[in-house]
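Novice: Here's the letter readout for the chains.
4 protein chains.
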Amino acid sequence: MPRLIDSFASTAALADCFSDAAVLRAMLRFEAALARAQARLGMIPDDAARAIGAVECVEAGDLSRAARDSASLAIPFVAALRKQAGPDFVHWGATSQDLLDTALVLLLRDARSVLARDHARLDRRLRDLSEEHAGTVMLARTLLQPAAPTTFGYKVAGWLGAVDRGWSRVSHRVDEALQLQFGGAAGTLAAYGSRGPELAAELARELELPLPAAPWQSHRDQLAALVAATGVYTGSLAKIARDISLLMQPEIGEVSERGGGSSAMPHKRNPAGSVVALAAATPVPGLVAGFLAAMPQELERAAGGWQAEWPMVASIVQAAGSALAAVADTVESLTADPARMGANLDTTRGAVFAEKAVLLLAPRIGRDEALAAVSEALASGRLRDGLAGRLTREELETLESPEDYLGAAEVFRRRLLEETEGPCP
Amino acid sequence: MPRLIDSFASTAALADCFSDAAVLRAMLRFEAALARAQARLGMIPDDAARAIGAVECVEAGDLSRAARDSASLAIPFVAALRKQAGPDFVHWGATSQDLLDTALVLLLRDARSVLARDHARLDRRLRDLSEEHAGTVMLARTLLQPAAPTTFGYKVAGWLGAVDRGWSRVSHRVDEALQLQFGGAAGTLAAYGSRGPELAAELARELELPLPAAPWQSHRDQLAALVAATGVYTGSLAKIARDISLLMQPEIGEVSERGGGSSAMPHKRNPAGSVVALAAATPVPGLVAGFLAAMPQELERAAGGWQAEWPMVASIVQAAGSALAAVADTVESLTADPARMGANLDTTRGAVFAEKAVLLLAPRIGRDEALAAVSEALASGRLRDGLAGRLTREELETLESPEDYLGAAEVFRRRLLEETEGPCP
Amino acid sequence: MPRLIDSFASTAALADCFSDAAVLRAMLRFEAALARAQARLGMIPDDAARAIGAVECVEAGDLSRAARDSASLAIPFVAALRKQAGPDFVHWGATSQDLLDTALVLLLRDARSVLARDHARLDRRLRDLSEEHAGTVMLARTLLQPAAPTTFGYKVAGWLGAVDRGWSRVSHRVDEALQLQFGGAAGTLAAYGSRGPELAAELARELELPLPAAPWQSHRDQLAALVAATGVYTGSLAKIARDISLLMQPEIGEVSERGGGSSAMPHKRNPAGSVVALAAATPVPGLVAGFLAAMPQELERAAGGWQAEWPMVASIVQAAGSALAAVADTVESLTADPARMGANLDTTRGAVFAEKAVLLLAPRIGRDEALAAVSEALASGRLRDGLAGRLTREELETLESPEDYLGAAEVFRRRLLEETEGPCP
Amino acid sequence: MPRLIDSFASTAALADCFSDAAVLRAMLRFEAALARAQARLGMIPDDAARAIGAVECVEAGDLSRAARDSASLAIPFVAALRKQAGPDFVHWGATSQDLLDTALVLLLRDARSVLARDHARLDRRLRDLSEEHAGTVMLARTLLQPAAPTTFGYKVAGWLGAVDRGWSRVSHRVDEALQLQFGGAAGTLAAYGSRGPELAAELARELELPLPAAPWQSHRDQLAALVAATGVYTGSLAKIARDISLLMQPEIGEVSERGGGSSAMPHKRNPAGSVVALAAATPVPGLVAGFLAAMPQELERAAGGWQAEWPMVASIVQAAGSALAAVADTVESLTADPARMGANLDTTRGAVFAEKAVLLLAPRIGRDEALAAVSEALASGRLRDGLAGRLTREELETLESPEDYLGAAEVFRRRLLEETEGPCP
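Protein chains in written order, with our numbering: chain A, 1 to 425; chain B, 1 to 425; chain C, 1 to 425; chain D, 1 to 425.
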């Protein structure tokens, strides 16, 4: 469970991914895998590796406080592990950063699975909703003003396109960034003589992690790219939430999420899911900025910038996952009101077909006169009535028919669905 | 204790200030104070107020999860409280935001005390250090290059001036921002008829909080100003840490903090305190940006921006406090090495007195020729030797004496100390 | 004029404040004032000061490119000035940072006047609008859902309170930050022997700038605090724009700014002023973050962080001014539609009085039963009708009268106006 | 030329890419291409297309001011173009966003070429430098403290790896984002009946731009991903600059860029190129945050978020290009000082081989005793001397030989070069 103060900044599943237990498990996993790999290559005694592998749990105790004394959680952790597994071969030849970076990578691998499940759920629901409402006509709105007709199915396909592209970018960046960190004190693995690369490969196999070309101690671009892609994805999630919160205003009333109540007002039905998503997404851009600002890291290991990363990465991933879960839940409970959509269109009294009327008239009487005629018609009431003498009967009959002014909405809708189809993410 | 992943992002004392227990205590405190105030004004029965006041603890349980359903932690909290204290008069006429904003204010009041203690400690130590080294001559460095002499005492006074001004701003913003939130559903306290302001005043007294001119539901400028001032203060703390980490490079070696060891390298003495401070400070600017970006809040209560604030405020205050504690510890353990400072000055072979030499020569031979002479002298070895024929004997004797080229260092040092003196913060 | 690409990021008046001409004028002003002060104190010949003072203009030429070679605009500028005014006594004993920081301060002083005029205009109009609509009843909306009645005059007073507090903070921070920078190479003014402070005081008088306790070369907290206050102020401006853009949605239609048209749709009336304000405000939080991130500046002059400040400060001030001008214009053209406000209230069929009904009923039948009764009433149609048997005739008559459920709206409105009154800013 | 105040925030070439002339050219290019495509499809008369195509220049005049009235630069631009090319068929059926987004894409295409040239230059130089110094031994430094030996060639390869991966990401994101925007008022191209997609394809061909699956009016993820990738790339550039500025400290003195002088101190050689790069890079994270924060754009066209993008995108790309140019120049002029590198290694008196000594001793006497022995040796002087009795003669002879403690430095160096090889970017 996230802390109460972080209720919207994480979810139960993601809070688990970055819990003390998970952190310690990941760190232990690194040390055990290192020892196994070293024993297999004859670098340390089998007994030592077995002793290390047998440790099931290191107490968090006041590791957090002790970490401050050395600016490294690894140091008190390794000390504690040495107490349990013998002093001699724990963390043999490795450095703090090997342990901490690889542990973070392992945490992120688990978090990714949590997000992937919710994304798949969101993708499915948006796809269905778009198909279901392929023909549901509604107002497109620009600058919060009615523009021209569109379909709800196309709108939903736009949401889908953005989040699917976003998730695809996150996935690629995850594949790139989730790799072993193993460089030793100076990034040269000198402690292992010439056998460093062999050991690194063995350790990567143990942890089922890709092996990078070289350690990435103060080169954080791959992690930064993952963090940034997560930020972009979150932005697209928040856009869905913003749209829903706007369309659910009772004065518009075109969609409705299950929503939540109010502590003061029994009548209220708040767009709670959208609000949680927007709340979760709000800190993300600044956190991404924080990560990027930490990138110019000093020489072979930074004095501050590297040590700043953990809480930022954990916050960004949890926030993204919280926004995702909220949007997925919201969209699953979302209902559209085609009648209200139609009524809102009709309320404009044809004004949203003004562009169409101008385009019909302009080739005949010039654009300036066409504009004047349309403006006059709008001022006097329904557009259709005001243009009675100027358009043909057929034109007048379909002038205000939204179904006749959808252009390529359905073409674009289908393209968006097709573009993002394929093997489940 | 902070979570392990947040080891540098908070301290034990500050993690307590924003713990679930603290949050629930603050929320309970609001509801109990409200009930007491209402009972005193005859708005609810005394019994009801007593029942509410008697509740010592509400279980966190899955409040965090339930909060997501209504986009408000207040709703499940009030529901839980009603179960314990009776359904009828809990939260009478109040709204979620009254409870949540005021609870945050109470949390921040406690956090402020924690920070104030560490700031006082830092202020004292910097003041002593500056006095102690009023005459300790060292290099000023600009763009990471030796510039001209200064004193360590003056450098420390500069640090002091910045953090004291910064803390003073934080304090003023705290005084402004830590006030009651009490507006009811629409910010009008309509539930209490014409007695809203009277009740608000009574409630403010109960909670020992200032009463604002009006509720501040979607006007977050006072909180934003506090958050921003905290960001500025943190920036000045980080500047101290950066300076120490640079001066502690062994190649410079002019100051030394107690520091911490390495997991791989037994010889290392890392600037651990400075690193923790820099790590803590790194995310703060982005978090401040997140808060500012959330300010354009919709109408009478935001759909997302408000709900995003809690984790950001908590993160900023904890990060500031973590940086502060680390800098205070670091400065307390800081030692200066006047001999090394002098040696580093001397190593420049007089180059850092080149400006002085030019200013001496220019009125006699013109600036262009003076520059040429000085450059030639520098190229050939010690400045003094190269200018032997051009300056008087007296001038040559003191040319490379740093004590004779300190200008107003001591004047400025004293002014900085005086400016920030006064009643302890 | 701003560049086209920056159309919404500045205004004509503010683009002038940071133009090349203005920058060069400010730099020239510093050098001339320095020379005058030095001549008066007998430090340089009167002739030299006159020659420097006589230079009316330094050509921008490729100063911008040349600045990159030395990471300082001051160096090519001073070189150019020496060509015009003689090589010997230009910039005598000063350093790049003295010139550049003080020039920035002079630019900001002019920019402040531009902002002050627009703020005064905004303040006046909001004040009038609030008075005019003290009794105009409308819906308060929370989470974009109708909450309970309020008045438009109170809403406007809330806007006023926030921007007036914001401007007051900016003003205080300006008073603090706009001060002379004069420290010489190392911040000691050593070039002037013991006469540095005397010269600094004379120079401050010449430029009509306050004299700080000491140079602030790598202590940027005062400038940071100004930048941050400007960010907070901009957030409050953007909140007004957001509210207007929402209330101007035709489905709500309660206020209307003059607005702008569309390139495609002749019927549209876009909330153009609000949109420009929101567009201008959007980058500001990130720019503030950039400034804060640059604060940990190395030793006596930073290697990057200081040199990064100019474009950030200029962008923030121009963006704030652009948002301010847009909001001031928008509010000046703003009209409210009390009839529509009333109609929107009525459309809720009494639902926004549900809280009121519950509070009336609860003391009689308990809160749970009251809630059930109100919910049932709401489900069946108008609230009043559904509660016919449960409330007294008097209660029923006023139940849905918004004027009877405004609580302290007018009290709070007046307090906000009074709190911010006083000598014009 | 950039404005003086933006001297480090852009370059002459990039300032041209976003100048008024370039913006107007790009806008004109869109309108001319649209008209040509429409004429070819028989949608507008050939004459009209020719008249539009014949316009060579639209005056900037006060377009910038006029843009504020409609929150769109497109509207006054199209009006001006209509004056020159006839009122009837300019911008036929298109919307402001089609014009503005596509114009931005065209500007970015040109900017990309500018960046590509500098990146190629940087790539080449880093590659050469790495090869040249494959065997140049120096200290690796972690947390600004000496750690263990590495090679300068490996360090440079690390820089290369990061910027090449970064540029590759930027390139992919550019390929994705630089596509036609063409959706008409509502994103449906309804003005063209069923022929919208056909016209879009023709227009894309005219402009040599890819055609997206659908218009991306309020889905900004592709542009956001480009902006974010540019931010990551800039972070890696700044890391190089930070390293150089640190290694060029005279107390370390291992590398030297050409550098720049000082206005006060004739002796100084500042790391000017690195400083410019760091200054340029500093605002970028915040600007990326601003762009991400603008992503939750309302419905079919945002009220503020979209209109905020231009100056942010232009600032980010120019800042990246300025940092890139500065780093490329700096690295081209960079010289390394192998003698000084060796001397700095030697100054540690073997301390940086302490880890090696522990690893040699630990299997014989246990890690705890090994640590004690090494610490004692370090305390007494040279490591080698202190361990005389404990290591074999062979071990002692090579103990402090950095060439014997480089581990996989050369392996990693070659892998980094190979990984990034291939067709020039």
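Please keep in mind that the hints were generated in silico from the structure rather than gathered at the bench.
Cβ coordinates follow ideal geometry from the N, Cα and C atoms, glycine included.
Keep in mind that the hints are not guaranteed to be accurate.
[As the list claims (entries may be wrong)] To list a few chain C residues with every Cβ distance to chain A over 10 angstroms, as calculated:
| id | residue |
| --- | --- |
| 1 | Arg109 |
| 2 | Ala120 |
| 3 | Lys268 |
| 4 | Asp337 |
| 5 | Ala354 |
| 6 | Glu355 |
| 7 | Pro363 |
| 8 | Ile365 |
[Unchecked claim] Simulated DEER-style distance windows between Cβ atoms:
| id | chain 1 | residue 1 | chain 2 | residue 2 | range |
| --- | --- | --- | --- | --- | --- |
| 9 | A | Ser401 | C | Arg393 | 27 to 37 angstroms |
| 10 | A | Pro363 | D | Arg29 | 50 to 60 angstroms |
| 11 | A | Asp62 | B | Arg205 | 34 to 44 angstroms |
| 12 | A | Ser401 | D | Arg29 | 29 to 39 angstroms |
| 13 | C | Asp62 | A | Pro363 | 15 to 25 angstroms |
| 14 | A | Pro87 | B | Glu421 | 36 to 46 angstroms |
| 15 | D | Glu395 | A | Lys83 | 22 to 32 angstroms |
| 16 | A | Pro363 | C | Ser168 | 50 to 60 angstroms |
Novice: Which hints, by number, does the structure contradict?
Specialist: 3, 5, 6, 9, 10, 13 and 14
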